[in-house]
Amino acid sequence: MSSSTSSSDAKAQRRIFARIFLTVSLGMGIALALVQGLVMALGAGSSSLLGRVIEARDAIPQIVDEPQELVMMFGSSMTGAGFSPREFDLAVAERGGSVKSFNFGFGGLNPLFQDYLARRIREDFEASDRRLKLVMIEFNPFQTTVSRRNLQRPLEESYVALLASPAELADFTLDDPESGLRMSLIRYLRDGISAEMITTFLWGEPFRAPRSDDGVDFERDEAAEERLREVLRVLGEKFSEEYPDFDGSDWYYPWQGGGTVKTERSAETLELFEEYYDLITSDYRMAVDRLDRVESADIEELHFDAELVAAFVRVVENFKAISDNVEIIMLPKNTDWIKNPPEALARQAEAIRQIEAETALPVRDFQVIEPVSNDMFSDTTHLNRYQGAVAFTEFLVERYAELLTQPAPN
Amino acid sequence: MLFNTPIFFVFFVVFLLIYGLLLVQKRPRLYFILVASFVFYGAWNYKFIPLLVGSSIIDYYLALAIAAASDQRRKKLLVTASVAVNLGILGLFKYADFVLESVADFLLVFGMEASVPTLSWVLPVGISFYTFQSLSYTIDVYRGDMEPRRGLVHFTTALAFFPQLVAGPILRARQILPQFHTLPVPTWTGARHGMLLVTSGLIKKTIADLLAIPAAVLFEADGPVSLIEAWTGTLAFAGQIYGDFAGYTDMAIGIALMIGFKIPPNFNLPYFAVSPVDFWRRWHISLSTWLRDYLYISLGGKHQRVRNVMITMLLGGLWHGAAWTFVAWGFFHGLIIVATHYFGSLRTFSGFANSTSRSVALLKWALTFYLVLIGWVLFRAHSIDDAWNIFLNLHTFAALPEQGAVAGRVFIATVVAVLWMHLQDWFVIRKGEAFENRKWLFWPVLIFFQGLCLMTGEPSSEFIYFQF
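Chains U and W, in that order, are what the protein sequence lines are.
Take 90 as the starting number for the first sequence in my numbering and just add one per residue.
Take 13 as the starting number for the second sequence in my numbering and just add one per residue.
Mixed in with the good hints, there may be bad ones.
[Said to hold, decoys possible] In silico DSBU-like links for lysine-lysine, alpha-carbon gap of 35 Å or less:
hint, chain 1, residue 1, chain 2, residue 2
1, U, Lys100, W, Lys443
2, W, Lys451, U, Lys100
3, W, Lys38, U, Lys100
4, W, Lys88, U, Lys100
[Stated by the list, open to error] Stretches of chain W that chain U covers, calculated by requiring three or more beta carbons in the stretch to come under 8 Å of a beta carbon on chain U:
hint, stretch
5, 15-29
6, 432-441
Quick caveat, the hints were computed from the structure, so don't treat them as lab data.
Ideal placement from N, C-alpha and C gives every residue a C-beta, glycine not left out.
Turn these sequences into a full structure, and let the hints steer you where they fit.
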């Protein structure tokens with residue numbers, strides 16, 4: 090075999106090859122930029138995807154600098170809606186304690202993602218040598234089901250890519266280069282938006298069956314819906330008037346990750362809220378919401394996903410490392426609308442047994458508690474702000490006041 | 013390491029960089045292709061690299077021995093050894109469990125319950141492709157169609173050449189081996205065409221992944237499906253398997269071209285075929301010509317055509333996978349090819365068969381496409397029973413699904429997707445060169461479609477032909 094090529098030939102060949110190499114690399118770079126452009130034009134990105142989570146995570150350095158004892162409630166959107174940190178702190182103060190509590194409730198996460206978030210929280214607390222006085226971790230059965238997991242699969246890689254640390258991403262890449270590289274791309278070049286997400290939520294939209302109300306026995310009241318839209322519009326205006334300084338954050342530090350409080354609102358606004366709660370909890374709306382929860386999260390039958398239950402245990406373990414007191418709690422359930430058959434309750438009991446055995450902590454069942462009634466919900470799962478959240482927060486204060494007012498051991 | 017993944021992109025960019033540096037040094041370039049191909053293959057399972065190397069060593073030396081053998085009997089013995097070794101390896105890894113389970117099932121028919129042990133071995137990726145490729149070399153040397161080539165490294169590199177290693181096309185030694193001796197350097201025109209093919213393949217593979225969803229609605233259904241869902245699912249699978257395989261092959265040919273190697277096309281607008289025979293001239297051309305040249309002709313070709321076609325197609329079906337559904341698919345295609353020959357030979361039908369009228373061509377196309385679709389049902393179904401139920405579903409009016417409008421949209425999108433892939437291929441074949449010369453249009457279009465593919469994904473994306 091001849092290995093000699095004339096120098097001019099060699100030069101020409103190298104030039105061609107350089108052109109091929111540059112075209113391939115640049116072409117892919119421009120294509121990726123195109124994707125990023127579209128994603129930005131659509132207003133998508135890590136902040137729209139996990140805005141509240143990212144803002145909460147970014148607030149941790151500030152949280153660990155707070156002088157008071159720290160309390161955290163960690164969980165799903167039910168925690169987000171059902172726990173009022175500022176009212177909690179005030180009630181504890183009235184009992185002689187001094188704490189600063191934070192609402193770390195996030196919609197759209199499941200324990201798999203919560204695990205990564207808990208690791209980041211743990212790292213920051215450990216790095217600053219700070220501990221929580223109390224963490225209340227919500228165990229949400231329907232967030233731990235197979236259906237819920239399946240629903241979130243298109244988001245899985247993106248969420249993990251955004252919540253994992255660079256070291257964890259490197260580990261993924263070593264373990265499975267293909268998946269690790271994809272996740273690194275999602276995180277560093279695609280701002281959290283994977284191809285699967287674009288396909289599912291953009292291209293896939295015309296092919297998705299609209300939310301169905303088949304199987305709902307109640308009639309939609311168009312006049313009530315019209316009134317609801319009007320009430321919402323007015324409430325929006327009232328919010329702007331009453332909170333002129335609000336910066337639009339998903340996780341607002343001055344509110345400690347919680348929502349507004351009753352004492353800050355005008356009588357007129359609160360009256361409107363009464364009407365609003367009535368309108369959003371019409372039988373029709375509740376029945377449709379229930380159906381949606383049944384389909385998307387298996388809320389009644391509760392077929393648990395073993396990996397999600399294991400991830401929940403890891404969440405607890407992370408908090409055990411940085412908290413003096415760890416409580417696993419189950420939030421109030423709207424028993425008018427969510428009825429679990431005995432088999433589902435047996436499955437739930439089994440999951441709880443597993444969690445208790447593996448964490449060596451009891452799971453406190455606050456699903457049915459006296460201070461919270463079924464008319465304090467804003468839908469089939471979430472407590473409303475000025476009735477449900479207030480009552481449940483007060484319940485938690487009663488429950489943990491003694492613990493929180495004890496002087497710190499020397 | 014699929015061609016449409018970021019990791020392959022990284023692999024290929026690194027490959028190009030090093031390959032470019034070695035451009036004027038032939039031997040290091042050859043070794044580098046071999047090492048890169050092993051890295052590519054090893055990304056799936058490095059444990060099977062020795063199997064690939066073993067196959068190449070055996071066939072390389074057997075080919076030399078065949079050429080050196082003085083008497084025909086010895087030549088025959090050596091080529092038989094090559095066939096036995098290659099098919100033996102393939103049989104052991106791919107068909108052993110199928111045979112054992114089938115024996116157990118057969119005994120059960122007679123009330124004899126046999127506990128048959130199974131091997132449950134992992135199927136080495138691409139084994140069906142490279143064993144056939146390797147086999148073609150010894151057979152060609154035996155037949156005197158080509159002289160054996162000196163250079164074990166050349167032969168092994170040709171067999172392991174990463175663009176075509178795991179999913180073909182099944183190259184003949186005489187097509188590819190000489191290229192590893194000359195080691196061509198890429199031309200800009202060739203590379204540019206390669207980039208067009210890679211993009212075209214990427215689009216088809218992306219469409220295939222999307223079509224997997226409506227296909228699964230039919231083939232993974234627990235209960236009855238509506239008529240529209242049945243047709244959508246069947247059509248979607250036809251599109252999926254075409255986009256998947258033809259897309260991947262396009263990418264393989266394009267990647268090879270970008271580094272200077274020429275691989276012949278494997279598809280030629282198969283769903284535009286106007287007869288089953290025509291379909292097999294357009295579908296997986298490298299396999300159908302392999303089966304024709306090395307099996308059908310060896311069996312006697314047109315003498316005893318019915319028998320030979322049926323055997324060839326049955327084995328062709330079995331090549332696709334170790335399951336009775338694949339055998340049935342091969343049998344079905346054998347049957348329709350035989351029927352085509354039979355009706356074509358009848359005077360009553362000769363007018364129809366030889367007609368050049370457009371309406372007759374349309375009718376022949378529709379009939380062929382219908383038969384191909386029915387064949388895909390056999391191919392994709394989990395069992396013969398399932399295939400039969402789907403066949404009934406396709407021909408029984410069932411109520412519209414709950415979400416009729418969505419089902420209608422999915423059907424239309426599926427039709428458009430299948431048609432798009434063929435029109436795209438037609439464009440690349442007929443207008444590709446002219447398109448490549450319009451730089452102002454060519455590059456933006458290529459980048460636009462690459463961007464579009466980067467925005468489209470499905471978590472369960474997998475390449476169907478790897479199982480073969």
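* Of the hints given before, which are not true for this structure? -> 4 and 6
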